[in-house]
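Asker: Single-letter residue listing:
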Amino acid sequence: MRAHLTKRYHFAASHRLHNEGWSTEDNLRVYGKCNNSYGHGHNYALEVTVSGPIDARTGMICDLGELDTAVEREVLARFDHEHLNLTPAFAGSVPTSENLASTIFEILQRNFHAAHLEGVKLEETSQNSFEYAGGGEIRR
Amino acid sequence: MIYLTRKAEFSASHYYHNPELSAEENRRLFGKCNNPNGHGHNYTLEITVKGEVDPQSGFVMDLKELKEVLNREVLDSFDHRFLNKEVPEFAQQIPTTENLAVAVWKRLQPRLQTAQLHRVRVYECSDLFADFYGEE
Numbered sequence: 001m002r003a004h005l006t007k008r009y010h011f012a013a014s015h016r017l018h019n020e021g022w023s024t025e026d027n028l029r030v031y032g033k034c035n036n037s038y039g040h041g042h043n044y045a046l047e048v049t050v051s052g053p054i055d056a057r058t059g060m061i062c063d064l065g066e067l068d069t070a071v072e073r074e075v076l077a078r079f080d081h082e083h084l085n086l087t088p089a090f091a092g093s094v095p096t097s098e099n100l101a102s103t104i105f106e107i108l109q110r111n112f113h114a115a116h117l118e119g120v121k122l123e124e125t126s127q128n129s130f131e132y133a134g135g136g137e138i139r140r
Numbered sequence: 001m002i003y004l005t006r007k008a009e010f011s012a013s014h015y016y017h018n019p020e021l022s023a024e025e026n027r028r029l030f031g032k033c034n035n036p037n038g039h040g041h042n043y044t045l046e047i048t049v050k051g052e053v054d055p056q057s058g059f060v061m062d063l064k065e066l067k068e069v070l071n072r073e074v075l076d077s078f079d080h081r082f083l084n085k086e087v088p089e090f091a092q093q094i095p096t097t098e099n100l101a102v103a104v105w106k107r108l109q110p111r112l113q114t115a116q117l118h119r120v121r122v123y124e125c126s127d128l129f130a131d132f133y134g135e136e
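Residue numbers (our numbering), protein chains in the order written: chain V, 1 to 140; chain Y, 1 to 136.
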């Protein structure tokens, strides 16, 4: 009996959308206010979805404590209250929410093995969100 | 194909305990959720059905009918109950969010004729939910 389980987490971080390879004008044209050199911040909400058979012994897909530990250690400790551009994960890429969602997915896929990682959804504000499932289709 | 979702809320108590395991093992596995006196949640259900739009009514299914089935089959049994002690499915099964999603699916699926059940989502709180899409 296979089910999906989703847990929401919250973190706050700042970023600046800026491509070093482009001119000042191009950066401003593409990124607008998000190109402000001092950066700006968001309260991000992260949904992590795992899937698997329900263990008859526990009634659960996996120990939620293990998921919390992995997300806290690998994602929140890395990004919460940080300037994303200055974190090693974004040394070579622009910390858009598309890139942040796929980076988080890949970090979790490498470090969480208690259940199948189905996908992540990253809400940058209440008005926009980004989902990544390792390049596969996202189940609705 | 159109997907249609109806939300509903209920409040219930539960605790997590597997009688085949020792008291220590239960406490280790389930932590605070193992308190035998139970604790409660305000649950939110999202029931998604799918189907083609009927050209006469413009409906996938009559929302009133979905509400009635949901009330009769699920909410009347779950709302303001101690799930472990008062809902038959959970006499032998731990009422985790995952198992609740499966139980709701099994109660609704045989009662829906005009549309097909697509997904049962159970929110235990705003930061945790389980989805069940039927046996695959």
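Incorrect hints may have been included.
So these bits of chain Y aren't anywhere near chain V, every CB distance computed over 12 Å [to be verified]: (1) SER11; (2) ARG28; (3) GLU98; (4) ARG119; (5) TYR133.
Straight-line C-alpha distance at most 30 Å; calculated DSSO-like pairs for lysine-lysine [unchecked claim]: (6) V:LYS7 / V:LYS121; (7) V:LYS7 / Y:LYS85; (8) V:LYS33 / Y:LYS67; (9) Y:LYS106 / V:LYS121; (10) Y:LYS85 / V:LYS121.
Simulated from the structure, these hints should not be mistaken for laboratory data. Please read all numbers here as calculations on a predicted model, not as lab measurements. Glycine included, every Cβ here is placed at the ideal spot set by N, Cα and C.
Asker: So, for every hint listed, does it hold in this structure?
Answerer: Here is what the structure says about each hint:
1. SER11: Its Cβ never comes within 12 Å of chain V, the nearest being 20 Å, so this holds.
2. ARG28: Given that some Cβ of chain V is not farther than 12 Å from that of ARG28 of chain Y, nearest at about 10 Å, it is violated.
3. GLU98: It is violated; GLU98 of chain Y is separated from chain V by about 5 Å at its closest Cβ, not greater than 12 Å.
4. ARG119: violated, 8 Å
5. TYR133: It is violated; TYR133 of chain Y is separated from chain V by about 8 Å at its closest Cβ, not greater than 12 Å.
6. V:LYS7 / V:LYS121: holds, 10 Å
7. V:LYS7 / Y:LYS85: holds, 27 Å
8. V:LYS33 / Y:LYS67: Not OK: LYS33 of chain V and LYS67 of chain Y at ~46 Å, beyond 30 Å, violated.
9. Y:LYS106 / V:LYS121: The hint holds at about 28 Å.
10. Y:LYS85 / V:LYS121: Distance of about 36 Å is beyond 30 Å: violated.
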